[in-house]
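Protein chains in written order, with the numbering used here: chain A, 1 to 562; chain B, 563 to 742.
Hints were generated in silico from the structure; no laboratory data involved.
Model, not experiment: these values are computed from the prediction.
For every residue, glycine included, the Cβ atom is placed at its ideal position computed from N, Cα and C.
Careful: at least some of the hints might be erroneous.
[Claimed, not checked] Derived, one-sided and incomplete: chain A residues facing chain B with beta-carbon distance under 10 Å: (1) Gln325; (2) Tyr336; (3) Val543.
[What the hints assert, rightly or not] To list a few chain A residues with every Cβ distance to chain B over 12 Å, as calculated: (4) Lys42; (5) His205; (6) Leu218; (7) Arg369.
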Amino acid sequence: MSAIQSAFPGAVLESKVESDRRLWITVDPKRLVEITQFLRDKKDFDHYSGAAGIDKINDNLFEVVEILTSHGAHQVVVMMKVKVPRDSPSVRSLTGLYWNANWYEREIWEMYGINFEGHPELYPLLLPDELVGYWPWRKDFKGYPDTTTGERAIEQVGPDGYTEFKIMPHPEMIKAGVVPERPKYPTFREREEAEIKSDSEMIMHMGPQHAIVPGPFLLDLLIEGERVKKAFLDVGYIHKGIEKIMENRTYLQGIVYTDRMCYLASITNNEAYCGAVEKLLGITPPERAQYIRVILAELSRIQSHLLGTGEFLTLLGAATYSPFQYMIIDREDIVYLMESITGARITHTFVRFGGVRNDLPDGFADKARPILKRMRERTEEYMDLLHSDPIYTRRMRGIGVLSPGDARRLGVSGPPLRASDTPYDMRREDPILVYPDLDFKVVTRKAGDAEARVEVRLEEILESIHIIEQCLDQIPDGPIQEKLPKKIKPEPGEAYYRVEDPRGEMGFYVVSDGSEKPYRVKVRGPVYAYMQALPPLLEGAYVADVVAIAGSMDACTSEVDR
Amino acid sequence: MVLKSLKYTLKTALTTTEVTRLYPEVMMELPANERGIHELDATTCIGCGSCARVCPNSCIEMVPYKYGNPLKNRKMQFPQIDYGRCTFCGLCVDECPVSCLKMGKRTEIAGWDRKDIVYGPDRIAVKKFSDKEVAELEAEAKRQAEEKKKAAAAAAKEKAAKAKGKENKAKTKPSEGGEA
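Chain B extracted, bound-state conformation (with noise of 0.2 Å):
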């Protein structure tokens, strides 16, 4: 009996391949839809809030960052996730309407203090612009808000004349009914 019991050992040892792994040095290999720390891409958040509005535990902030697209951003609000209190659920990810924030095969996160696992979007942003683009965008941004303004204050002097014609053209138009 007790024989039978070694010979699956016996078999069990020289058949298993590999079991122990060498974790700091060697890394397992992880499948290719792990959900580990999110991955940003910074140019294409529109900083909507979704995420952080989803998250059952609220880990997510919407904070300021610098590198993003100020045209589709303009409040320039990314989200930062609180690694304390994620249970790497994956809402944010599918809620997320331009699918800009992803989970990632980066798993280690430990720090030496609770503020150090308060992943900002600098930490978590893996696709961003850089100063010069952020520059160049910025003065785009500003000359299209510009013209936006010219052109609301086009259409708004637009609509006050046509209104005043309105108005005009009420006020006459009852006095017609009346008279007819």
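If we strip away everything but chain A, and leave its shape as in the complex, we get (with noise of 0.2 Å):
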């Protein structure tokens, strides 16, 4: 902090030390690029984890958090805050220094319109071209038709006699200029087309609806031959608003809407919920409630890496023994665990502020051991069988190759980082609950292709089972829920935290203005993160390796579009 102050005299507005690994700075808009560079090359800040707009109606003022942190040089998280006006809002761009500030960038561009100079495509990103009205966050949108009426729909009774509900504008009112009109921007399609240079070239689709993709998202391939030479990406088929909606309601209610972003994560997005609105209030949960969150939190890893690896390897044809079936008769168990514990088999809604829904079942632990057990050595098998496999080993060994260099540099975080050999994990980074008491190691590999990812899967299953077989031996008796007040109502204030979630790095950031909803919440997902890392990756691979290139990243379309 000090180091900031004495390079940049004058430049830091505010600053504030929470802990020894956050540091709250608010610097001037102008120094903006300067100060990131000197933290950047300097002080070791090479991961830009996310940036978040806040709209401060009262002050008139935007706010841009943007969130800084290392790769294993230290653990210190920097939130740094630019403050601009209302009216003219524009803040110089950061995509010069880190490439994954794009899409970060595009989506505050896009919901807040605050403009980023220097940036190099400002398209919508998850909104629809056709989309009415402008910038949809801020808190003065009344939404088109306005919402605040009722009047949703206009009925219309067509010539052969059926009746039409329109949301989209009346031509009479586009006359009257009442609709505000969007500016104009090459839609998706034509900027792709634009990229065809010659004959030889042309663009194929993958998606929306594709048998890899795990969601709806379109990945459309510019190829000569059998080499892409350019992958373009387009998202926000089921942009669900989740951030928009949690500002709409109670704190407790917010807990729900987390489950929804990934259905394989949902514990984890629980948890990271819940950490920072812990924080806020500060409150930190008994210690058997830890030990109950990290029991679930690695069981949910269990299950969706088994699930991802199953699908993923059916995708890439491998029928002689059916891994898929294999790994979801394994899942089954771990569901089961899962489900004995919360009562739901996916959506869990189980973390709460300061502790967990309900206590473990009356002898959980032996249950959950022959299955740990049984889970051990049914993964082992499937490494060895993975390894035996020679098409296997073919179509994936060396394919899609992401150097520890370039992973950093594109900004993915989870099991795709740390088989490019960077052992980053938020468990040892930013360790949260009891993880530090534990006893795992930080999976990693050094090849960094599709092979070595789906290995670190397998591995960190291994890594899991250790941890909860630890978990079942030392936890504590004790209460399950800290004293909550009444009302939850915190003081205003903002909190970052960040878990890892079966994919990477999960971070939660809530501001609260002291009422009894939430003012802002922003989810860093870890998919969106390798979905913004897919184009360059893909380039100059052949059309057959799309698939195990983009099935080995593991993606969920739902976080992207949260």
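Fit the two chains together into the complex; they arrive one by one in their own frames, and the hints show the way.
Right, here's the structure in full:
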């Protein structure tokens, strides 16, 4: 902190050291790029974690929060804030310093209308081109048609007698100038067609509905012969606006929505959100609750890796020994264990502020131990099986290689980053709950190819089993819920909390204004970062390898379009 | 290589116990804290409506129902749940101050119509009073209400009398003070 102040006198307007791992600073918007460059080059902040926009309508300000961390050099997270006036919001873009700032800034621009000077492609990312009205996440956005009047759809009877309900504006309204018109941009289709340079190139569509994609997203490949020249990604087909919905729900009701972002990682999403709110409330859960949370997070990791790997192997055509069925059988046991604790199979809504919903059932440890033992044997079998399969090895080894430098530059986290020889794990980097007391190792591989990613996942299952077994041995008796105030109303403030998702770094940034509802919730999801990194990874690959590369990232569109 | 994978296939086939579920005939074993269809204990519900307030999808509505306890639930309002919207998050169960709402092991909700899956208190109640008990309770409630009315009237009378006395005192006091 003092280093920044001495290097840039007068540029730091406010600062707060929350703990030895969180630093909040507000800087002068004019000197943002300089300071960021200083942090990146001199202070090892080489990981751009994300950015969030906040609409402070009462102060007539927009805030942009840049989250900067490091890949293992230290554990400090800098939350760097820039305040700009609401009338002419403009911030210097950081895309020159961090490649992966691109999508985060695009999202802030399309939702809040904050201009980013020097951004290479300010086009809508998540919103459709047909959307009517400006900047939907501003606090004074009323929706179109004005949702405050309650009139949502316009009834129109056609010549054939059918009644249609249209949400699009009336032609008369457009004439009268009531409808706010969006500025015109080249659409996704026009942009990608502009890249076709010769007759030998063509665009191949994969998606929005395709066997390889885990949810709807459009992957368009500009191919020349058998090689991918350029890849284009269009996401936002299932954009749910969960961040905005959570602004209109109480803190407690927000937990339900975090489940729906990605059903394979619902416990870790719960955990990240509850952790952020716990920070705001200033409470820590009792030790037994922390152990229960760790057990569930690791079970959730096991089942997510099993489903992800199994599904991916099916796409590769590994039909001789049907690994998907094997893994689903094993996953069923794990899901049953989770169900016996939480009462639900995938959308758990289990973690609470300062505790958990209910205690472990009687005899849970006795039930869990044989299942975990069997799980360990099976995982070792899978590893052996995959190694010995020549088709699998040929399709995976050396495919989609992500060098350590590239992996850090593209901003991926989780198994793909660890497969590229970077031991970056939130359980070590930003330890939460009882992880510091547990013994586990961060699984890494040197190769960085598709095979290494699957290997990391399978080995992580073994590590998770090891963690759960320790938890079952060590778990103390005691309460599972901290005393909470009757109405959850945190003091005005903000908190950033991150956990290791099955897929990588999941962070929740929650801003409170002292009311019953959060003022702003920003989700920094791991898959958003993978998706952004997909086009450069696919460049130069063979068409036949696209499935292996895209599938080995284990993406989840639902979380990208949260 | 192929033989190795076949070996694992055989091993799995021989060692894994039954995987397929004979679902409609045999229901799978559900854990004790399964979150299925709600179970309402109508005898203890106080009709506070906190379940309806906490529901993120507003699928709970408070409706009148006869077989509850009028002594505790004065307006005789009980939760009715629309399972077309319920996400089984269990917040209503956590929020209930008298723990009369629980979630049970029943999970089959299919119906022919959207209205069929709106479960009123009669369909989710697992514990309720019989007609006779309701009649007794109502009589009791009436009696208590009357008693209360009487008591309230008496209290009001007393209060009025007291207030009058106070007023008199208050009237007299300042004059006394003024004289002194």
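Which of the numbered hints are not met once you compare them with the structure shown? 3
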